[in-house]
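Q: Next come the chains, spelled out residue by residue.
2 protein chains.
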Amino acid sequence: MNYSEKIKQAIKKSRSNLIIGLDPDLKKIPEIFLKKKNPVLEFNKSVINATKDFSAGYKLNLAFYEALGKGFHESLRGTVEHIPGSRLKICDGKRGDIGNTDEYYAKSYFDEYGFDSMTVNPYMGRDSVEPFLSRRDKGIYVLALTSNPGSEDFQQIRTGKKFFYERVIEKCIEWDRYGQTGFVIGANHTSLIKKITTKYKNISILIPGIGAQGNDIDALMKNIKNNIFLVNSSRGIIFDSSKFTSIADYEEKTGSKAEALNDIINSKKRNR
Amino acid sequence: MNYSEKIKQAIKKSRSNLIIGLDPDLKKIPEIFLKKKNPVLEFNKSVINATKDFSAGYKLNLAFYEALGKGFHESLRGTVEHIPGSRLKICDGKRGDIGNTDEYYAKSYFDEYGFDSMTVNPYMGRDSVEPFLSRRDKGIYVLALTSNPGSEDFQQIRTGKKFFYERVIEKCIEWDRYGQTGFVIGANHTSLIKKITTKYKNISILIPGIGAQGNDIDALMKNIKNNIFLVNSSRGIIFDSSKFTSIADYEEKTGSKAEALNDIINSKKRNR
Numbered sequence: 001m002n003y004s005e006k007i008k009q010a011i012k013k014s015r016s017n018l019i020i021g022l023d024p025d026l027k028k029i030p031e032i033f034l035k036k037k038n039p040v041l042e043f044n045k046s047v048i049n050a051t052k053d054f055s056a057g058y059k060l061n062l063a064f065y066e067a068l069g070k071g072f073h074e075s076l077r078g079t080v081e082h083i084p085g086s087r088l089k090i091c092d093g094k095r096g097d098i099g100n101t102d103e104y105y106a107k108s109y110f111d112e113y114g115f116d117s118m119t120v121n122p123y124m125g126r127d128s129v130e131p132f133l134s135r136r137d138k139g140i141y142v143l144a145l146t147s148n149p150g151s152e153d154f155q156q157i158r159t160g161k162k163f164f165y166e167r168v169i170e171k172c173i174e175w176d177r178y179g180q181t182g183f184v185i186g187a188n189h190t191s192l193i194k195k196i197t198t199k200y201k202n203i204s205i206l207i208p209g210i211g212a213q214g215n216d217i218d219a220l221m222k223n224i225k226n227n228i229f230l231v232n233s234s235r236g237i238i239f240d241s242s243k244f245t246s247i248a249d250y251e252e253k254t255g256s257k258a259e260a261l262n263d264i265i266n267s268k269k270r271n272r
Numbered sequence: 273m274n275y276s277e278k279i280k281q282a283i284k285k286s287r288s289n290l291i292i293g294l295d296p297d298l299k300k301i302p303e304i305f306l307k308k309k310n311p312v313l314e315f316n317k318s319v320i321n322a323t324k325d326f327s328a329g330y331k332l333n334l335a336f337y338e339a340l341g342k343g344f345h346e347s348l349r350g351t352v353e354h355i356p357g358s359r360l361k362i363c364d365g366k367r368g369d370i371g372n373t374d375e376y377y378a379k380s381y382f383d384e385y386g387f388d389s390m391t392v393n394p395y396m397g398r399d400s401v402e403p404f405l406s407r408r409d410k411g412i413y414v415l416a417l418t419s420n421p422g423s424e425d426f427q428q429i430r431t432g433k434k435f436f437y438e439r440v441i442e443k444c445i446e447w448d449r450y451g452q453t454g455f456v457i458g459a460n461h462t463s464l465i466k467k468i469t470t471k472y473k474n475i476s477i478l479i480p481g482i483g484a485q486g487n488d489i490d491a492l493m494k495n496i497k498n499n500i501f502l503v504n505s506s507r508g509i510i511f512d513s514s515k516f517t518s519i520a521d522y523e524e525k526t527g528s529k530a531e532a533l534n535d536i537i538n539s540k541k542r543n544r
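Protein chains in written order, with the working numbering: chain A, 1 to 272; chain B, 273 to 544.
The set of hints was computed from the structure by calculation and includes no laboratory data.
Predicted, not measured: the structure shown is a model, and the values here were computed from it.
There is no bait here: all hints are sound.
Between beta-carbon pairs, the in silico distance windows are:
1. A/E152 to B/D488: 35 to 41 Å
2. A/K12 to B/D488: 51 to 57 Å
3. A/K12 to B/K280: 58 to 64 Å
4. A/K195 to B/D488: 41 to 47 Å
5. A/Q156 to B/G451: 24 to 30 Å
6. B/G371 to A/K253: 23 to 29 Å
7. A/R158 to B/D521: 54 to 60 Å
8. A/K36 to B/N274: 37 to 43 Å
9. A/A248 to B/L298: 42 to 48 Å
10. B/D488 to A/K161: 33 to 39 Å
11. A/D263 to B/G371: 29 to 35 Å
12. B/G371 to A/R158: 21 to 27 Å
13. B/I536 to A/N227: 55 to 61 Å
Glycine included, every Cβ here is placed at the ideal spot set by N, Cα and C.
With the sequences and hints as input, model every part of the structure.
A: Here you go:
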């Protein structure tokens, strides 16, 4: 099964286009987890238990795992293994290096840790993207238009008749091998999301920036014109300022938040 | 001491502008190390012992350490700790993410592992670069013109009167705080190195692509017009197809290669 089939299956089976961002910031993990031997892993397992019925998959930002030093490998591996097989496992590392080196990233995160896809930074061009495309069942999300303010600095520069990010999208579609290339487009870029998903009906997109980054899910949903989209929420689902009395209490509240967001996405999707 | 002072001191003390790339590819590490408990760490220690008198510092490409899975932390930490304090420790991870996330990369690699500087991918713009600039004594090398063929795809696109990489350099110089921003420019871009180091006399550059990537050190040296430059060699110094009879034998041959390359750089530098 190639990666685009895998996305469609995951969306269908889970009745969800929602991706939960597993970004275990130790400063924000609820206190009840901090007594555990491996707080990050136990926290992640609880998030997965709580949200797996309302989400198509999980995105793990590697920065939070690398910050664990000695605990990097165990926490990352344990988390990936806890994700149900029918759900997507997205490695958010924004990597990109010369071919010889990228092979190592691909081997680690696809073959060793078992991720289904990776986020990739396109700045170094073709041979920095291609090593991630040699496996038919594995995909990439190329950074096109990110959700942060700095997106304006380079991505939206004019280059002749096109914007820079448009050249990135066109080139990466050209380099694709097995329909495995998608793009990261921030939820704040609503009009550009409309433009891109209208122009490229079969494009696969991963949309961060909902929740803590403060963008409006209604406005976003009105502007998504294709079907292979995934909306990521991290901090807005997994963290909360409330005190939790137990892990069961955390899981119940977190599950409800994921369910509510998923319901909104599904109802807006039907009514587009 | 700010980072640019640190570079100058390292170059002066070591009488070298050479950086050794510690990219411990397990398929290429000489057999004599493979029997060791931690082959990567023992190999790296030997490279450091052999080359420390002929180099200004070391660059560790994280891809090769992440590929170690469980051994990631120990091999990375052990290697960094073995590098003499007067030599530069460059973390080559080509990271770049939204501010909140980049803080974690900065904390890990600057504060926990103790690197002096990091390579940074500029694609996500200002707030993806700035978290690496809050420590006066730590520096960054922003990817400007990389040494791989893909450098043509996006970095060398025209944007109005300038090339894309020129906008990257200008913006990053503007964002700099304590004179801590340098740039990665591949050894193959000789005429652009001349142009850039003539225009920006005080620019700090890190030049990969010598050795295994096949670029000519003579042509390169003629075109470097400033003094704060570092030339990186990885595979060309640390790997060799010869059979080694012992670790001492490996260290002797590797040291000679580093010494010879350093002598060439120094003599070409004097005669520019």
